[in-house]
Every structure is written in C-alpha cells, then in structure tokens.
Amino acid sequence: GAGVSQSPSNKVTEKGKDVELRCDPISGHTALYWYRQSLGQGLEFLIYFQGNSAPDKSGLPSDRFSAERTGGSVSTLTIQRTQQEDSAVYLCASSPLRPAQETQYFGPGTRLLVL
Amino acid sequence: AQTVTQSQPEMSVQEAETVTLSCTYDTSESDYYLFWYKQPPSRQMILVIRQEAYKQQNATENRFSVNFQKAAKSFSLKISDSQLGDAAMYFCACYAGGTSYGKLTFGQGTILTVHP
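Chains as they are written, first to last, in our numbering: chain A, 1 to 115; chain B, 116 to 231.
These are computed hints drawn from the structure, not numbers from a lab.
Predicted, not measured: the structure shown is a model, and the values here were computed from it.
Mixed in with the good hints there might be a few duds.
[Claimed, not checked] Listed next, the stretches of chain B that the computed footprint assigns to chain A, with coverage defined by at least 3 CB atoms under 8 Å from CB atoms of chain A:
#: 1; region: 132–146
#: 2; region: 216–225
[Claimed, not checked] With beta-carbon atoms standing in for the labels, derived distance ranges:
#: 3; chain 1: B; residue 1: E167; chain 2: A; residue 2: P61; range: 30 to 38 Å
#: 4; chain 1: B; residue 1: I226; chain 2: A; residue 2: A2; range: 26 to 34 Å
#: 5; chain 1: B; residue 1: H230; chain 2: A; residue 2: P61; range: 33 to 41 Å
#: 6; chain 1: A; residue 1: G72; chain 2: B; residue 2: K185; range: 32 to 40 Å
Glycine included, every Cβ here is placed at the ideal spot set by N, Cα and C.
With the sequences and hints as input, model every part of the structure.
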C-alpha cells in the first residue's frame, strides 16, 4: 500500500515568511509524528499525535512552530516568521495503534531552506 | 528520557564483506524497543531491523542482524555480504514509555561507504 507522503519535497523561503508543510500518513495509522533533521545530524522529535488525544508538543522549539491534524489523518506543520536556523529536513512518520505502535514509518521529508 | 550514542561517524566496507555498526543507549524504562534505520541520499528513512528489549534472542532480517547486549546497553548492527546498495547513513533509535512515550530518540548516525 501507499507509504507516508509529504509535500512539498523542497521549499525555499525568505526569512520572516510563514511556511506550511504537509504530511499524509499511512491509511489506518492512528499515530503521527514530526521530526526535524538538521544538516548532518540525527532526528529531533517535534510533536506527536495519537488519535483524538491532545498532541504532545513538548519537542516544538518555539511558539513559531505549530501543527494540526485534521480528521485524524492529514497533518500540517506551520512555521511562522521563519528564521535561517529553521533550515532543515522535516520528516513525518506514522504508526498503527496495534500491533506495534512503537514502529514508525517515515515519509521522504521536506527540505526547507530559509534564505 | 533516553539517550542513544553512535560513536562511529563513518565506516567503510568492501563489497561482499561484513561490517558492524556500534550503538549504545541509556534508558530508565524496563520496556523499550530498539531500531536501526537506514537513510540513503533520497532522505527516506527505511526501517532495517527492530528488537524488543524483553526478547533475549537477537533479531535478524536477511543479511542484517543485531547483537543486543542488554546489561551493557549495547545494540550493534551487523551487515553481512555487504552490497553497494547498503551505502547510506544508519541511525540507531530507542522507543520507550514513561515521559518519552511516542518519541523515538535517535543517535547521530553512521555514514556507511561500500567499496566495489
């Protein structure tokens, strides 16, 4: 079946502009995650959605970052007033509730460049 | 909270030979899972292998196997009969409950080069 999809694949923006990144999880997966990968680094957790529960936002680096998940499916990560340090690859992942919620399947990521 | 450490920034191997990538972790949780992910230049994170901490038997997936040493908190990945397509960045990751529920904690990654 289809995997996790993300759009756009690449995004170039100017400092101070807002950007929206989209994630389409695997059909039927109840959990959705956003991670950030800075150049040559490991992945940093940003936010976690599970079903209709309140999201775990503990990884968001500042209040310029927010995310929504509509209808328990598609998610949008919004970065307001982008800064150059926001340049990174933003990866989305999803996982089923059962039998193995701990196993996360990743999308191809969105590469964001802030000029 | 947990930490994951990969002490080898880069490794190389000849095609058809065997290579081992190292990973150590730390967690206060008794129930956790460990993973190796592969990230080729395409950026797609691909699950290579997973290990449940409660299982003593080391996981294997075709040419990939792990050496899980629970007491030492070590989780190394062995790639046998290396192929050119194995060249990628490899990440070790840990998933545990408690306050870290829902989050994968990743190491810094190891770049694997495969020489023909």
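Hints and how they fare:
1. 132–146: violated (count 0)
2. 216–225: Holds: 9 residues of the region 216–225 of chain B have a Cβ under 8 Å from chain A.
3. B:E167 x A:P61: 30 to 38 Å: The hinted range 30 to 38 Å holds for B:E167 and A:P61, with Cβ atoms some 32 Å apart.
4. B:I226 x A:A2: 26 to 34 Å: At roughly 29 Å between Cβ atoms, A:A2 and B:I226 fall inside 26 to 34 Å, so the hint holds.
5. B:H230 x A:P61: 33 to 41 Å: 39 Å, holds
6. A:G72 x B:K185: 32 to 40 Å: 36 Å, holds
Hint compliance for this structure: hint 1 alone is broken.
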